[in-house]
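Using the sequences and the accompanying hints, generate a full structural model.
No gaps in the numbering here: position 39 of the sequence shown is 39 in UniProt numbering, and each next residue is one more.
If you're looking for bench data, these hints aren't it; they were derived computationally from the structure. Each residue gets a CB set at the ideal place from its N, CA and C atoms; glycine is no exception. Mixed in with the good hints, there may be bad ones.
Said to hold, decoys possible - Label-pair ranges, simulated between beta-carbon atoms:
hint : residue 1 : residue 2 : range
1    : GLN137    : ASP176    : 20 to 28 Å
2    : ARG211    : GLU319    : 19 to 27 Å
3    : ASP35     : ASN298    : 43 to 51 Å
4    : THR120    : GLN50     : 31 to 39 Å
As the list claims (entries may be wrong) - Here are the simulated lysine-lysine pairs, DSBU-like style, with alpha carbons at most 35 Å apart:
hint : residue 1 : residue 2
5    : LYS77     : LYS104
6    : LYS302    : LYS123
7    : LYS177    : LYS104
8    : LYS123    : LYS77
9    : LYS123    : LYS104
10   : LYS123    : LYS113
11   : LYS177    : LYS113
12   : LYS302    : LYS177
13   : LYS177    : LYS123
14   : LYS77     : LYS177
15   : LYS77     : LYS302
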Amino acid sequence: MDPRSEVLLRQPEHFNGRTLLAGLPADDLLTHFPDARGWTWHAGDDAYFQARFPGRVDFGTSAPAQPYDTAVLFLPKSRELTDYLLNVLAALVPHGTLYVVGEKRGGVERAAKQLTLLGTASKLDNARHCQLWKVSQPSATPVRLHERAECFELNVAGSTLQVTSLPGVFSHGRLDKGSALLLEHLDHLPSGPLLDFGCGAGVVGATLKQRYPESNIHMLDVDAFALESSRMTLTANRLEGHVFAGDGIAAAPIGLGAIISNPPFHQGVHTHYQASETLLREAAHHLRPGGELRIVANSFLKYPPLIEQHLGPCRILAERDGFRIYQAIRR
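Put into structure tokens, the structure is as follows:
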């Protein structure tokens, strides 16, 4: 059981009514609160919930529209996303109670300060290296997600790209150094469908469609806010692409001409390499013969031996600012 869920189970009397659990972890918390409903924006967690608690959890960027007495936010990493979600949840329970639960090292005390903007906040529990805060009858002005978007313009290989980024998306409102390097090295990709793995705000996928207009572009991410950002970026540039949710490379189509990625290795306050390492192990199954994997990664990550073991010889195309572009061709 996630420690944040354990904290809620120490105070069960507060969550017996119609409760919305936003960003809940993939555990058995819903078993203990039969009247609760979940909202997740993580595709992997959603797959778990649909198998374990079918029909009780909604996936996406919008909260399930039902009457609630109580709402609980499991603290996300992003401060901007926290601010947006707090306002959304407060608007759902104007006569009820809004709670925030999170790890101390994840910034829950910072989130408690954000909570004070909605009413008088008080700490209810402190256990399992977590804190639980609440505010009764929160006051908030309803907000729309698209109003929180950050837009910026890029010039890549002589083409202008309008990028739209939503709260919680990697490198929100700016181009990170790794992706900037990758955008400079997208020449001479094989023909066939192209996959932007971990598409985020859609910078790579949209650029690929500009560079290779005859290719079908697939854009995959585990996060619903990233997927919506990618859709908005495509729309802003009048581009077409297939944007879809999935927890890792297993969700991708087969027969790809190339997989291009700035693969993620952070999730929440913890570091996770599993999605990236699984990509390197399984990429060959999704590439056509002669298909190519081209990724950018921090130079300290020991990816080349894994790439060569499962795909083929690994070549370094470029290196700058602590990042490297790796290329490998399916044998």
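Verification of the hints:
1. GLN137 - ASP176: 20 to 28 Å: Violated, at about 40 Å.
2. ARG211 - GLU319: 19 to 27 Å: holds, 22 Å
3. ASP35 - ASN298: 43 to 51 Å: Holds, since ASP35 and ASN298 (Cβ atoms, about 45 Å apart) stay within the stated range.
4. THR120 - GLN50: 31 to 39 Å: holds, 38 Å
5. LYS77 - LYS104: holds, 12 Å
6. LYS302 - LYS123: violated, 43 Å
7. LYS177 - LYS104: Distance ~29 Å between LYS177 and LYS104 Cα, so the pair holds.
8. LYS123 - LYS77: holds, 20 Å
9. LYS123 - LYS104: holds, 13 Å
10. LYS123 - LYS113: holds, 11 Å
11. LYS177 - LYS113: Satisfied, since the Cα-Cα distance of roughly 31 Å is no more than 35 Å.
12. LYS302 - LYS177: This hinted pair holds, its Cα atoms lying about 19 Å apart.
13. LYS177 - LYS123: violated, 39 Å
14. LYS77 - LYS177: Given that 35 Å is the threshold and the Cα spacing comes to 20 Å, the pair holds.
15. LYS77 - LYS302: Distance ~26 Å between LYS77 and LYS302 Cα, so the pair holds.
In summary, the structure is inconsistent with hints 1, 6 and 13 from the numbered list given earlier, while agreeing with the others.
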